[in-house]
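Asks: Sequence:
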Amino acid sequence: MSTTVEPLSERSAAEVNEEIRALWLRSGGTLTGEQREEYRRLVLEWAAVAPQSAEAA
0 MSTTVEPLSE RSAAEVNEEI RALWLRSGGT LTGEQREEYR RLVLEWAAVA
50 PQSAEAA
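Quick note on numbering that gives the first Met the number 0: the sequence shown kicks off at 0 and runs consecutively.
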């Protein structure tokens, strides 16, 4: 298993963050197992693009 995080898309950190917020709103604050996996994927995607966003600012 690779420990390298690669961006899953060309979305900005802000776009991914918005999807994370929407996930939490839809879940009512309690994530199911499937939602936890989606959250994990989104956080990894966000972490991969966040440094690029900071450098571009």
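In case anyone wonders, no lab produced these hints; they're calculated from the structure. Just so it is clear, CB atoms sit at the ideal spot from N, CA and C, and this is done for glycine as well. Check before you lean on any hint, since a few could be wrong.
Said to hold, decoys possible - Per label pair, the in silico range of CB-to-CB distance:
#: 1; residue 1: G27; residue 2: P50; range: 26 to 34 Å
#: 2; residue 1: P50; residue 2: T29; range: 24 to 32 Å
#: 3; residue 1: R20; residue 2: P50; range: 25 to 33 Å
#: 4; residue 1: R39; residue 2: S11; range: 25 to 33 Å
#: 5; residue 1: T29; residue 2: E9; range: 18 to 26 Å
#: 6; residue 1: E17; residue 2: P50; range: 12 to 20 Å
Asks: Taking the hints in turn, state whether each one holds.
Replies: Now for the hints, and whether the structure bears them out:
At about 32 Å, the beta-carbon gap between G27 and P50 stays in the expected band of 26 to 34 Å. For the pair P50 and T29, the beta carbons lie near 31 Å from each other, so the given range of 24 to 32 Å is met. Our hint of 25 to 33 Å for R20 and P50 is violated, since their Cβ atoms are close to 20 Å apart. Range check, R39 to S11: about 19 Å between beta-carbon atoms, so the 25 to 33 Å window is missed.
For T29 and E9, the hinted distance range of 18 to 26 Å is not satisfied, since their beta carbons lie about 31 Å from each other. With their beta carbons about 18 Å apart, E17 and P50 fall inside the hinted range of 12 to 20 Å.
Taken one by one, the earlier hints fail for this structure at numbers 3, 4 and 5, listed in ascending order.
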